[in-house]
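Those protein sequences? They're chains A and B, same order as listed. Quick note on this note's numbering: the first sequence kicks off at 29 and runs consecutively. Quick note on this note's numbering: the second sequence kicks off at 2 and runs consecutively.
Hints are supplied without guarantee of correctness; some may be wrong.
[What the hints assert, rightly or not] Quick look at which bits of chain B chain A covers, simulated, 3 or more residues with Cβ under 8 Å:
| # | stretch |
| --- | --- |
| 1 | 266-279 |
| 2 | 340-347 |
| 3 | 474-488 |
[Stated by the list, open to error] Quick list of in silico lysine-lysine cross-link-like pairs, BS3-like style, CA-CA up to 27 Å:
| # | chain 1 | residue 1 | chain 2 | residue 2 |
| --- | --- | --- | --- | --- |
| 4 | B | K225 | B | K111 |
| 5 | A | K37 | B | K406 |
| 6 | B | K480 | A | K43 |
| 7 | B | K347 | B | K406 |
| 8 | A | K34 | B | K480 |
| 9 | A | K201 | A | K240 |
Treat the hints as calculated values from the structure; they're not laboratory data. Glycine included, every Cβ here is placed at the ideal spot set by N, Cα and C.
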Amino acid sequence: MILEVKNLKKVYGDKTVVNIEHIQITAGETIGLVGNNGAGKTTFFRMLLDLIRPTEGEVLSKGENVAHQENWKNYTASFLDEGFLIDYLTPEEYFTFIGSLNQLSTADVGAYLTQYGEFFNNEILNSGKYIRDFSKGNQVKVGIAAALMQKPEILILDEPFANLDPTTQIRLKNLLKAQAGSMTTFISSHDLNHVTDVCNRIILVEKGQVIKDFKTDENTLKELESYFSA
Amino acid sequence: MLNTFLSHQRKSFWRSRNRGGSIAAQVVLGLFMLYFLLVALGIGFGMKIFLPKFFPHQDAITSFNGIILYYFAFDLLMRLQLQELPTLSIIPYLHLKISKSKIVSFLNIKALFSVFNLWPFLLFLPFCFVSVLPQNGFLVVSAYILSIISLMLLNNYLILFLKRKSISNILFTIGGLAIVSAFVALEYFKVISIMAGSDWAFKAITKQPLFAMIFPIIAFLIFKINAAFLRKNLYVEELSAKQEKKVSTDYAFFNRFGKAGELAALELKLIIRHKRPRNTVLMGTIILVYGFLFYKPEVIQSNSFGMMLFAAVFMTGMSIISYGQFMFAWQSSHFDGLLSNKIDFKDFIKAKFLLFTIASTILTILASFYCFISAKLLILHLVAYLYNIGFTTVMVLILATYNYKRIDISRSASFNWQGMGATQWISIFPFILLPILIYWAFNIFHQPFVGLLAIGLFGLIMLVTRGFWVNFIVKRFEKQRYKIAEGFRE
Numbered sequence: 029m030i031l032e033v034k035n036l037k038k039v040y041g042d043k044t045v046v047n048i049e050h051i052q053i054t055a056g057e058t059i060g061l062v063g064n065n066g067a068g069k070t071t072f073f074r075m076l077l078d079l080i081r082p083t084e085g086e087v088l089s090k091g092e093n094v095a096h097q098e099n100w101k102n103y104t105a106s107f108l109d110e111g112f113l114i115d116y117l118t119p120e121e122y123f124t125f126i127g128s129l130n131q132l133s134t135a136d137v138g139a140y141l142t143q144y145g146e147f148f149n150n151e152i153l154n155s156g157k158y159i160r161d162f163s164k165g166n167q168v169k170v171g172i173a174a175a176l177m178q179k180p181e182i183l184i185l186d187e188p189f190a191n192l193d194p195t196t197q198i199r200l201k202n203l204l205k206a207q208a209g210s211m212t213t214f215i216s217s218h219d220l221n222h223v224t225d226v227c228n229r230i231i232l233v234e235k236g237q238v239i240k241d242f243k244t245d246e247n248t249l250k251e252l253e254s255y256f257s258a
Numbered sequence: 002m003l004n005t006f007l008s009h010q011r012k013s014f015w016r017s018r019n020r021g022g023s024i025a026a027q028v029v030l031g032l033f034m035l036y037f038l039l040v041a042l043g044i045g046f047g048m049k050i051f052l053p054k055f056f057p058h059q060d061a062i063t064s065f066n067g068i069i070l071y072y073f074a075f076d077l078l079m080r081l082q083l084q085e086l087p088t089l090s091i092i093p094y095l096h097l098k099i100s101k102s103k104i105v106s107f108l109n110i111k112a113l114f115s116v117f118n119l120w121p122f123l124l125f126l127p128f129c130f131v132s133v134l135p136q137n138g139f140l141v142v143s144a145y146i147l148s149i150i151s152l153m154l155l156n157n158y159l160i161l162f163l164k165r166k167s168i169s170n171i172l173f174t175i176g177g178l179a180i181v182s183a184f185v186a187l188e189y190f191k192v193i194s195i196m197a198g199s200d201w202a203f204k205a206i207t208k209q210p211l212f213a214m215i216f217p218i219i220a221f222l223i224f225k226i227n228a229a230f231l232r233k234n235l236y237v238e239e240l241s242a243k244q245e246k247k248v249s250t251d252y253a254f255f256n257r258f259g260k261a262g263e264l265a266a267l268e269l270k271l272i273i274r275h276k277r278p279r280n281t282v283l284m285g286t287i288i289l290v291y292g293f294l295f296y297k298p299e300v301i302q303s304n305s306f307g308m309m310l311f312a313a314v315f316m317t318g319m320s321i322i323s324y325g326q327f328m329f330a331w332q333s334s335h336f337d338g339l340l341s342n343k344i345d346f347k348d349f350i351k352a353k354f355l356l357f358t359i360a361s362t363i364l365t366i367l368a369s370f371y372c373f374i375s376a377k378l379l380i381l382h383l384v385a386y387l388y389n390i391g392f393t394t395v396m397v398l399i400l401a402t403y404n405y406k407r408i409d410i411s412r413s414a415s416f417n418w419q420g421m422g423a424t425q426w427i428s429i430f431p432f433i434l435l436p437i438l439i440y441w442a443f444n445i446f447h448q449p450f451v452g453l454l455a456i457g458l459f460g461l462i463m464l465v466t467r468g469f470w471v472n473f474i475v476k477r478f479e480k481q482r483y484k485i486a487e488g489f490r491e
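Kindly generate the complete structure, drawing on both the sequences and the hints.
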């Protein structure tokens, strides 16, 4: 078990945004977090990453509370939104910076990035632009590539498919599928097709609570569709 | 048509979305403006007295003539950094049935509404009327005024043209500043004299007022060139200052400081690549002239360092205070990223100390040119320097952990007051007042140098115990980080 969420609660004023009793995640799982707007997905992710202090409860990463020590940062990579990008850097500078935090030399980073030429569609590297000058889709690509570069054991992505063009969506799915088993992945998405395709476990949340938590099979998509159309 | 444009402009100002919270800031800004304009006016009227004092060996009019071109050289540099292109406001009109020449003339008129165009009037006209008029008569004064107004317009449109045409790189400003400083130095050592040249030009005008026509002619030419350029390139993406190709840079200097150095280099890029933090830091260098106001010979003679301490602390620590008062908020747009990445908070805080120390060291070195006035000032600056890197840095960072206001630095108004709160204003004063208080305590016993020693020692102790303070701030930061991150997300 690599991640464990115990009794996690976040209350703003009198509104409970997240209220999760218990989730256990074993290493290698690919989990899709599904829910409508306001279900508390992003807040939940932020608590996983110790960006928001839970009102109650705790998040245990390899048995250690993420709020009390920082060891989890050594094997966790994430991209939630553009707030994770340092947007006044060129992509190269950003990758080098992230690489240096993970003991990767400039050469390592360069070698890693060569395999991403296709994913980047040649629009990102050597473009002579700062990250802030990119379209949203390209910013997301930078964020995801930087997260994957860290070769994390746990990867957390918030709506990675939004803003991406169809080709890149498919490429990203293949990338994620290829990592399945070796990496624990936590993604959220509004696109039911994509999550059921990529994930082997779905957690459905509504108003901060876990409604369903199940392994995907051939009926999952139908099940989810009927839930959301109800 | 022009009236409609201007009325739209007025509305856009009064109805702008972020006005609500910032009315107080606008008032403060207005007061500042008023203050500067009054100072300019004061200098203008005082020139008759100041000029003979600064340049005792020549008569006031010669000195006055001499400084005119100097002023406009500095003016040009200031504008290069601070004057904004009036561009974006025309986008909604471009596709409408409005002739391009009208839009161009609107842009040109709008460009006149700049504080820079007010200062020359206040600075120079009083002297023209008080001194030049009685001595040389009406015709000559008219020629002076015509020249001054033309020079102002020349600068105004030249800057717009340069900014549109090329990149307004900070290096231009620094380079320009270096050139002007070089001329000042050459002037000082009597090698080449711009002052003499400026004086020569205006002497010629005094003899033959018709010569003054040369300035309006040049100004008109520049105006025409600018207008023609605009007319030809009335496309939004071409109008705004041109984008240079961005290159990746690596500040090797910082590598020796490890992770903290890397973070400091990151922040240095932030400063260089955004207008607001850049101007905030540059302000620190402009403040360096403060010394001329405070370092009077009689004050230095009598060792009364009280008021001079004020200037010294300000000059050597201005960038710490002005940049530091928005600490962490500069990084608000990617604060989540910083927290969730593998960054040790200790390195994060150390990086801030490193930057502050470098900035203060540079300022102190620059300020050491005051030693030409008196060597005592070097001691004074050293004391202020120790105080700043020892104490001010620590205080600024402790206060920063109470700052939850987001700043959007990518928005680049020259006077962007977002994130400005009462705490920021109040927090400045203790830094300045504390050393003066320490000094006065010793001064009661007529021990000015012991007072300085005490302040220096205080700074030194703080500096030696920096490790402790880093840990202290890290602890506070760890406690406050959720609150800070939450505030920055808004």
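Unmet hints by their number, sorted upward, for this structure: Violated: none.
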